[in-house]
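Residues 70 to 239 (the working numbering) are what the sequence shown spells out, left to right.
Hints should not be assumed to be uniformly reliable.
As the list claims (entries may be wrong) - Straight-line C-alpha distance at most 30 Å; calculated DSSO-like pairs for lysine-lysine:
(1) Lys-180 x Lys-121
(2) Lys-122 x Lys-166
(3) Lys-180 x Lys-166
Unchecked claim - Pairwise CB distance ranges (calculated):
(4) Asn-155 x Lys-180: 15 to 21 Å
(5) Glu-128 x Leu-164: 16 to 22 Å
(6) Arg-114 x Lys-221: 18 to 24 Å
(7) Asp-160 x Lys-180: 21 to 27 Å
Keep in mind the hints are simulated off the structure, nothing from the lab.
All C-beta atoms in this analysis are idealised placements derived from N, C-alpha and C, irrespective of residue type, glycine included.
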Amino acid sequence: PVPGEVVQPALRGLHLGAEGRHRPVQNRGVPADRGRHPSSKRVDRPLAADWKKLESSREYRNGNALREYQLEGLNWLTFNWYNSRNCILADEMGLGKTIQSITFLYEMYMKSIEGPFLVIAPLSTIPNWEREFRTWTQLNVVVYHGSQASRKTIQAYEMYYRDAQVRRGG
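Just need the whole structure built from these sequences, with the hints factored in.
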């Protein structure tokens with residue numbers, strides 16, 4: 070295992086449907102109208118020409134909004150993503166790189182890219198990442214850390230959707 074910890078957000082509480090409405094979600098993050106079958110629909114990356122600069126911040130959970138410089142960082146992240154470019158978000162401490170990264174993942178989710186997303190961060194920062202995900206989004210956060218037995222339990226019950234009928238082929 071790598072040093073640090075993994076935070077894997079997946080949808081919890083809401084699912085944005087193709088028609089753009091939020092629908093209630095059953096336990097384990099499965100939308101009520103999809104029954105017990107997870108979505109296996111592949112969503113392709115939009116074309117670079119489809120990128121549009123966000124002129125203002127959307128309202129996130131708890132009435133949160135990005136500051137102007139954070140919105141600029143989010144636009145930069147999305148621009149690079151649309152153009153299939155790797156990038157590194159680097160700035161001075163305390164300017165909201167964590168928030169910009171979280172809102173970037175939320176923007177991807179809003180474009181029907183449901184994840185899961187994987188965040189690898191130093192162990193000492195994991196509680197902050199988890200708190201900020203819960204403060205800014207409705208995404209579910211699974212902290213993957215602990216003994217081998219506890220990580221296996223997390224893998225079995227938190228990270229993957231499993232259905233006994235699907236495993237039997239019927």
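Against the structure, the hints come out as follows:
no., hint, result
1, Lys-180 x Lys-121, "holds (13 Å)"
2, Lys-122 x Lys-166, "holds (19 Å)"
3, Lys-180 x Lys-166, "holds (21 Å)"
4, Asn-155 x Lys-180: 15 to 21 Å, "holds (19 Å)"
5, Glu-128 x Leu-164: 16 to 22 Å, "holds (21 Å)"
6, Arg-114 x Lys-221: 18 to 24 Å, "violated (33 Å)"
7, Asp-160 x Lys-180: 21 to 27 Å, "holds (24 Å)"
Comparing the model with each numbered hint stated earlier shows that hint 6 is the single one that does not hold.
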